[in-house]
Amino acid sequence: MAGLELLSDQGYRLDGRKATELRKVQARMGVFAQADGSAYLEQGNTKALAVVYGPHEMRGSRSRTLHDRAVINCQYSMATFSTAERKRRPHGDRKSTEMSLHLKQTFEAAVMTQLYPRSQIDIYVKILQSDGGNYSVCVNAATLAVIDAGIPMRDYVCACTVGFVDETPLADLCYAEESGGVSSLALALLPRGGQIALLQMDARLHQDHLETLIDAAMTACKGVSKVLDEVVRQHLQEVSVLTRE
Amino acid sequence: MIKTERILHLKSCRGRKVRVVREHYVRERVPCFSALCQADCDNDGKVLPGDLTHYVVPDVGVVVDYLEILEFRELQGIVFTQTACQAVQHSKGRRQYNRLRNLLKDPRHDCVLFANEFQEYSYCPREKGESQEKWQTRCVYSAAVWYHNHLAGMMDIVMITEDQDAVAQFSSLSSGVYVVSVQDYLSNFWMELHAAHELYNSISQALEEKESEGTEKEYTEHLPSEILEAGIKSGRYIQGVLNVNKHRAQQEALITTQASSNKNTGTFTAALRDVLVYGGKNRNRAVHGDVVVVELLPKSEWRGKVTSLTERQGDEKTGEDEKSKPMPTGYVVGILQRNWRDYVVTFPPREATQSQSRNSQRILAIPWDPRIPKIRISTQQADALQDHRVVVRIDSWESTSLYPNGHSVRVLGRAGELETEIQTILIENFIHVPPFSEAQLKEMPVNSPEKPWKVHPSQVASRRDLRGTHLVFSIDPRGCEDVDDTLSVRTLDGGKLLELGVHIADVTHFVPEGSLTDLEARSRATTYYLADRRYDMLPAVLSADLCSLLGGVDRYAMSVLWELDAHTLEVTKVWYGRTLIRSSYQLHYELAQALLNREDTEVPELAPLSPEEKDAKLAELTQALEMLTHVARHLRAQRDRGGALELEGVEVRAQLDAEKNITALVPRQPLEVHETVAECMIYANHWVARKIQKTFPHQALLRHHPPPRQEFFSQLVDSAKARGFTINTSSNKALADSLDRAVDPEDPLVNRMLRMMATQAMSQALYFSTGAQSQEQYYHYGLALDHYTHFTSPIRRYADMIVHRLLTAAVDLDKGLSPAVALATNKELEETTQHINNKNRAAQRAQKLSIELFQCLYFKERDPQTDPSCVADAAIYAIRDNGVLVFVPQYGVKGPVYLKNRDGEVVTVGQDGRCEWKTGSVKRYSEHISTTCSSGTSTFTLFDHITVRISVQPSRCHADSLNLEIISNKPHKSAESQQPHSQGRSQLVQEVVRQAEEASQQAQERASRGPRLSKEEREFCQSKTPNLYSLLEEIRELALMDVGAAANVCASKTESRLNTDWSSSNRHLKNLS
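Protein chains in written order, with the working numbering: chain H, 1 to 245; chain C, 1 to 1073.
Because the hints were derived from the structure by calculation, they are not lab data. There may be inaccurate statements among the hints.
As the list claims (entries may be wrong) - SDA-like mimics (lysine to any residue), calculated; alpha carbons at most 25 angstroms apart, straight line:
1. H:222 <-> H:211
2. C:46 <-> H:14
3. H:18 <-> C:124
So here's chain H without its partners, still in its complex pose:
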């Protein structure tokens, strides 16, 4: 069997999207009462649950305490049922650890940690169903959860993956595209100022194409941010209606 054609001559991708179209994003904030903040986010078939605790006192080893700002602690995990074949180890493997680190870096750039010296913010993200773009879905879900927890941030952090096929950047890759040998790039953006919180690329790509790829990723992130903004406003409206009564 020949390799899959990721972008057809007519400009359709495997799942019927055009090159710049995002997957459908659906989200809900405040899904758990127990935690300080929580959110559930679906981006296509990738589904993630994010929970935020804090800011609270340092737990565990106090030596990690920072005197001028809060420590951000991230943990990423995937449900055993999240992939097509059941996963053996839900968290703690190398990939998850790496992902946790990336999330931490991203949110250190976005959360105004200096407001909470000597404290700790915990962000737990769990992938319930995985269909590509895990990192970006986690970032988007965690953003909503942080907002839900009422922790001030500089801006929304929106993330998106882009791939490069046939000289065309494809926004928001799904699993089939990611595994089809596309050189992909993940970007987390603070959309209002256009600052990049994190940029990650493991594949080889010609230097000439990098610019276009980053541009495409930024546009995609801005698209995501609009959706997230909508969700937040919607949520606030609902909450304010409830509280008024």
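Given chain H, work out where chain C should sit, using these hints.
Using the frame of chain H, we list chain C on its own:
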């Protein structure tokens, strides 16, 4: 957009079944690509016309199995569904899928792709328990219904399917879509398209056969591609192209490994370039040309290649043959890519078929190309097709089957007829030359007596007008009609400067890039010249009229104008651009030379003028010619210093009467003016190459001629040593000089044969894109120029058209304009050059084959025992284990002469030189071969002259071949052999054509269609090189043809371009000397 989900069941890498959920987005607006669209679909690109009677929506099964029928250009308005395309991709692999994609891209085919699965209303999700086939059919049907509704019922939609249930199920639904089977569709709508009907029958039979396959394994299974790829990476397997030995097709095949794979695996495979695959089992169903993967056998099983001559018809000798030293031997473990094409096969006569197959409908047909295995075909027309040549395609080759399965595509005709054989040659070389279609001809400008073509005023403004300022003239062979180059020369600035101009027909003005004519020209890539006809690259209205720079009419041209210093002849300025010219004189070579020699001649253009005017004009013209000659001599000398090869040679030219029949053959005097014109053309090519290379350093089309590999010269050097000559091959100049010295005063043939060997050692000149090669590789060995391209014959070469476009873009850039259309990138250009190179090679092969065909037809009519023309003088040019290779100058035939036959008898020479067969042995030495038997020993040395008898070895399935038999070891002493042989070939071709015509007339009486050669075809009967030998040699080495650019000028165009090329390469050979 609406998001849905589809559930797929796939296999995981460990072989387990996995349930995968994929998203699926559908949308309301998906372009329909129909001109009738009411909903303003975003239709860009190819659009189905609205004036058809119906649109066809083929079902998945039809697209997968019967794609070839849908490829008929007559079938219009085909809507391919995405479902079908994906099915092709999954079930038939990349090759077939690419074929479908090309079909969809090709503007000449009236078909579009509809993304039905992404359309909200035409998408139907697969239901639980529904089989894939049913679901696909339902999808296609729903797409057809969508089309019907989308076009508001204005167009009838026909869905064709092979699924009878579907016909029954859907045709009862009254949705406005007709559902019919393929057969009904063809017979209702395309009654007259018989080819399609036949093709349909043959494919469906092949499919039926496939189902009833046996299960006994004949071959080992191929390994899956993942294992192959891993194996290649690790160096365990070797990847390469399978090359079957022509003479031992059953046994020997070589795998030519690619250079790239050598690089990866380092020294191990670099050392073994070629791998031998011995025997059919080891070859494991690979066919000549496939990309295969081999694994090496242990060293103890390695074998060598057989070097002795084999009788062509003979059975394979086994075992006792002398072997060369063992070489790497392996067996095929898998096939990466099939390179199956259309094959010409011959159906065996009746009795043979009955004996070999249990089912009389299955026929083992024998391909024309001996390297291809027999192909099993099932047909009901076996009786009708006996001894006919038929085009077939291979469908599959299962491991259970000894031979591949195929189906017939179309019938060419009875084997042995001229027309059939020529078609065979064309198909075997992938040459596809249908008549120009109406749509293509519609694009052409009109030039008829009622509506004469005129120069467009806007063009006059944008072009440089040379009509008033320059004296433009053309020098061509007598009677030439298509003039694609003209010259001009004048003094400037009071005699301080000279201006030399070369003006080439502006073909690209009439053929815009991407037009239908352009696509056709690109796919043809060159004009094809066969022995008795030619196939033009461009329609005749361009090639013979509007692009021909005739005398006295206004024509568009692309010009290169040099300003030279009058004394040093240094170039001070070069101007490139589009011009408007009017050629004042259409000279021919003899006339030009006569003017140069100040002989008293009559120029036809000046005839009506008064004597004083005439003298003035004549003086002007003569002066221009002299200037031109002066400049050309200088250019020549410049190139000679760089080591260029000398151009000289004797050509023969045919004199034509009014009816274009050849009346006489006149040996062409090697006039200086030939060289002058050639030099100007080389100069123009060179400067254009410099210009486009400078402006587009990564995407210019140039032509290079790589230096030959020294090891190829070994035969030449060794043979020359046998005669006491030394050949220095260190550089092009040294080679030319030493070949010049190697002249045996008693036997002029020696020098010719040495040149022949030198030519064989040469590599081919090739087109390339500058981005794909490093700068050192631009060098042209034959012409000793650092940049070279083809610019001067856009009428007959597509490469020249590309160069014209590049030059136009370069000139536009200089003016600050950006080119209207984006130029081809390096990658695209490189692909195009590959294509052109391949086509050129195919053209050469076809030419060679057609000439061999004519030779055979000529000798077929003669009785070898009685006819004196079948006995000829031959010279030995190579020694083999059981015979010698000889060359017959009179007919230009090369071939083997056996000194030992299958019964173990050898040739012995009697008292008077007569040869007899007696029992004995043969011993081979480096420079001679000797036979020993009871009556004595006879020796044959290199370059000896012997007498041979030529007869035709008839072959039913393959091309006939000539058989040479030694009858004496003395030179053939006939008086005729001394006469100029130039006539031999023209007579030969004419004779054969005449015979074929007679035969065809008889055949027509028998109510069969026979070849009819029109006057035009006769026109190109050609015959003008000194003899067949040079002809064959030249054809092989058209590579050297850069000279051909020049040659082109000198060549007799009306007669045939081919001729040009021969003569040019002929001259080239001479130069080597």
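Hint-by-hint comparison with the structure:
{"no.": "1", "hint": "H:222 <-> H:211", "result": "17 angstroms, holds"}
{"no.": "2", "hint": "C:46 <-> H:14", "result": "22 angstroms, holds"}
{"no.": "3", "hint": "H:18 <-> C:124", "result": "20 angstroms, holds"}
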